[in-house]
Amino acid sequence: MKQTPIISMKKICKTYPLEIGGEQQVLFDNTFNIMPGEFVAIMGPSGSGKSTCMNIIGALDSATSGTYELYGKDITTMTPDELARVRNEYIGFVFQNFNLLPKRNILDNVMLPLMYRGLPMSQRIERACEMLKLVNLEKFETYLPTQLSGGMKQRVAIARALAGNPKIILADEPTGALDSKMGNEILRFFKKLNQDIGITIVMITHEFEIASYAKRVIHIYDGHITYDGPIPKSESVLIKSEQRAHKK
Amino acid sequence: MTIYDIAHESWLSISGNKMRSFLTVLGIVIGIMAVVVMVAVGETVQQSITDQFSSLGTNTLMIRAGAAQSAGVRTGNRMTLTMNDVEELSKLPDVAAISPVENSSAQVVYGNKNWATSVVGVYPGYTIVQNIEMEYGSFFDTSAVRNASTYAVIGHDTAEELDLPKNPVGEVIRVRNTPLTIIGVTKAKGDSGMMSMDDMVIVPITTLKKRVVGSRFPNAVQMIAVKLYQDADNNVVSDQITALLRQRHKLKDTDDDDFQITDMKQVMETMNTVSSYLTLLLVAIAAVSLLVGSIGIMNMMLVSVAERTREIGIRKAIGAQESTIIIQFLSESIMISFIGSMFGLFLGVGLSQGVGRFILNYNVPFSIWPVVVSISVAVFVGLASGVMPAIKAAKLNPIDSLRYE
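Which chain is which? The protein sequence lines are B and P, in order. Counting from 1158, one number per residue, gives the positions in the first sequence under the working numbering. Counting from -17, one number per residue, gives the positions in the second sequence under the working numbering.
Note that these hints are calculated values from the structure, not bench results. Even glycine gets a Cβ: it sits at the ideal position worked out from N, Cα and C. Just so you know, not all the hints are guaranteed correct.
Listed below are the simulated SDA-like cross-link pairs for lysine to any residue, each with C-alpha atoms no more than 20 Å apart in a straight line [unchecked claim]:
| no. | chain 1 | residue 1 | chain 2 | residue 2 |
| --- | --- | --- | --- | --- |
| 1 | B | 1260 | P | -3 |
| 2 | P | 247 | P | 131 |
| 3 | B | 1260 | P | -2 |
Restraint ranges, calculated between C-beta atoms of paired labels, are given here [what the hints assert, rightly or not]:
| no. | chain 1 | residue 1 | chain 2 | residue 2 | range |
| --- | --- | --- | --- | --- | --- |
| 4 | P | 284 | B | 1204 | 31 to 39 Å |
| 5 | B | 1364 | P | 358 | 58 to 66 Å |
| 6 | B | 1322 | P | 366 | 35 to 43 Å |
| 7 | P | 267 | B | 1295 | 45 to 53 Å |
| 8 | B | 1193 | P | 358 | 51 to 59 Å |
| 9 | P | 358 | B | 1277 | 27 to 35 Å |
| 10 | P | 5 | B | 1295 | 16 to 24 Å |
| 11 | B | 1193 | P | 366 | 44 to 52 Å |
| 12 | B | 1222 | P | 5 | 48 to 56 Å |
| 13 | B | 1185 | P | 362 | 49 to 57 Å |
| 14 | P | 267 | B | 1242 | 48 to 56 Å |
| 15 | P | 362 | B | 1307 | 42 to 50 Å |
Some chain B residues judged to face chain P by a derived CB distance under 8 Å, without partners named [unchecked claim]:
| no. | residue |
| --- | --- |
| 16 | 1217 |
| 17 | 1218 |
| 18 | 1237 |
| 19 | 1242 |
| 20 | 1245 |
| 21 | 1270 |
| 22 | 1274 |
| 23 | 1404 |
Let's have the full structure, built from the sequences with the hints guiding it.
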């Protein structure tokens, strides 16, 4: 039986107006599908448009043209409140700089998406504790984010992302603020989640080593997808794809 | 989000900035407290007026001897009212009681104590006109007036000032060297108008004129106090009195009245109107501080939105809808306003009641409407000052907010 893609992007374009007048296009006809259970890295150099692509996948931003279907639903024309519901139900975000609420303890931070979903308090606590246990932080419930190390903060962010039982984990440079040891630990954890739970992970990165934890890479250069396939053995494959796109 | 969640989130945000929240709340506390105190002041003034007039009765007319006029120029007081006028006026059908009132001040002596007070000469009907009740003894009767008896009825406070025995009936006081036997003490009424009813010596008018003052005009009276029946129309009786006195004083149509009639009902209404405007003015002044307080909340909320831009971005990214953000910020401003209003209300009521009861020794009236107004104002001020920052927060772009440093 043919599987329905969890993310289906067709000819997605994104244009930003410029302050000095005119506009700048940052994504050009991006088309790709992501199937359930995939671990995909979106790669590209700075300014390539990968963050814009992630914002559109994460329903934080809308495409200027093209269609984006999430779990078969076209979210291109949704209102801001409908997009908020989509984010809450389908997507778990893990940001480079963790984005935890600094004045709330760890448990409150993890419970936050569940509060917006309207779950009763007892269920929120139960689910949040479960997630903190999964990331080995069950003893730090009452700690404030400022009392934790970078790696621990990122694990809290992962617990928060997983708390709402999302379909996709969207990680934006998740190891960017961590040392290599911590970074590798987080990446191994992502891989384990993908293998054990089968959760779809889309990770944005500009480093090939980090992307190599994924099974598939989508390489973006100047707003164009230059490579979409399994992780190549060497980064040179991706660089060549950039050069080919540049010549065109 | 449940109501508990909204309240909990608001409380955490407010308590996260204790000093700033305290100062903002203080603005509302002062505003509400000022309004409550000013309302209490206004109500106390009105209550005081009502109390004074209810002790006297609003169905009372005071007729004063008018100023003399010469070629249209007022030249001074003139003895235009007489005992005969009193007799004639008493025959009017709506007059329940009447008394001439002759007022003098004198040093009253009892033993080695002396006290300067008013000595008032009246008829027995004065007790009805002024609603006088006796604490000890009795009031003098008409025979005492006829015989110019050396009797005196003294006020409650006068008895205390002269250090008289608890029941001083039978004791003798001296007023301008005239010995007067106390036959009664009036019950304390509280301050009544310009002249305290509790601090005076009341004697038969004939006694005052003949024995105490030695008046050259024994038949003239300064003032006539008239008590009307409850169902009488003050204006109608006032017109009747005017017609009768003008006729008796043989005044021409072109002449002005040589007396003045004061309708106590009109006086009370006028004073109540004046005190209402005074209250309104005081409340308006106090409301300015409330307005300043609400601007303080708006300022705090705007700063809070700017400071928490990243937090708003995080909340939106994980599923907070615009309406949820609006509700959260509005509930914060309402909570600040509500806390301030409640403290302001309690402090205002406490201050007005405390000062009234323990310092001024006056029972300040407590009404429920400052409570209702405070709660309404709290919600309104909270909403009004929070709506703009809340909308600003809700409209923030989640991507820009997440990038905000």
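Hint-by-hint comparison with the structure:
1. Restraint check for residue 1260(B) and residue -3(P): the C-alpha separation of about 10 Å stays at or below 20 Å, so the hint holds.
2. Among the hinted pairs, residue 247(P) with residue 131(P) is inconsistent with the structure: their alpha-carbon atoms are about 34 Å apart, more than 20 Å.
3. With a C-alpha separation of about 7 Å, the suggested pair residue 1260(B) and residue -2(P) falls inside the 20 Å cut-off, and the hint holds.
4. At about 34 Å, the CB distance of residue 284(P) to residue 1204(B) agrees with the hint of 31 to 39 Å.
5. Remark: the range hint 58 to 66 Å for residue 1364(B) to residue 358(P) is upheld by a beta-carbon distance near 60 Å.
6. Distance hint check for residue 1322(B) and residue 366(P): the Cβ-Cβ separation is about 41 Å, which falls inside the suggested range of 35 to 43 Å.
7. Take residue 267(P) and residue 1295(B): their Cβ atoms lie about 59 Å apart, and the range 45 to 53 Å is violated.
8. Look at residue 1193(B) against residue 358(P): about 54 Å separates their beta carbons, and that is inside 51 to 59 Å.
9. In this structure the supplied range 27 to 35 Å holds for residue 358(P) paired with residue 1277(B), their Cβ-Cβ distance being about 33 Å.
10. A beta carbon spacing of about 40 Å between residue 5(P) and residue 1295(B) contradicts the range 16 to 24 Å that was offered as a hint.
11. At about 49 Å, the CB distance of residue 1193(B) to residue 366(P) agrees with the hint of 44 to 52 Å.
12. A beta carbon spacing of about 51 Å between residue 1222(B) and residue 5(P) agrees with the range 48 to 56 Å that was offered as a hint.
13. The supplied range of 49 to 57 Å is met by residue 1185(B) and residue 362(P), whose beta-carbon atoms lie about 53 Å from each other.
14. About 50 Å separates the C-beta atoms of residue 267(P) and residue 1242(B), a value consistent with the hinted range of 48 to 56 Å.
15. The supplied range of 42 to 50 Å is met by residue 362(P) and residue 1307(B), whose beta-carbon atoms lie about 46 Å from each other.
16. Because the smallest distance between the Cβ of residue 1217(B) and any Cβ of chain P comes to about 5 Å, under 8 Å, the interface hint for this residue holds.
17. The beta carbon of residue 1218(B) is positioned within 8 Å of a beta carbon in chain P (closest approach about 6 Å), and the interface hint is therefore held.
18. The beta carbon of residue 1237(B) comes within 6 Å of a beta carbon in chain P, closer than 8 Å, and the hint placing it at the interface holds.
19. Taking 8 Å as the C-beta cut-off, the interface hint given for residue 1242(B) holds, the closest approach to chain P being about 7 Å.
20. Taken as an interface hint, residue 1245(B) checks out: its beta carbon lies about 3 Å from the nearest beta carbon of chain P, inside 8 Å.
21. Restraint check, residue 1270(B) versus chain P: the minimum CB separation of about 4 Å is within 8 Å; hint holds.
22. With 8 Å as the threshold, the beta carbon of residue 1274(B) comes within range of chain P, its nearest partner Cβ sitting at about 7 Å, so the hint holds.
23. A distance limit of 8 Å between C-beta atoms decides the matter here; for residue 1404(B) the minimum to chain P is near 32 Å, and the interface restraint is violated.
Consistency note: the structure conflicts with the earlier hints numbered 2, 7, 10 and 23.
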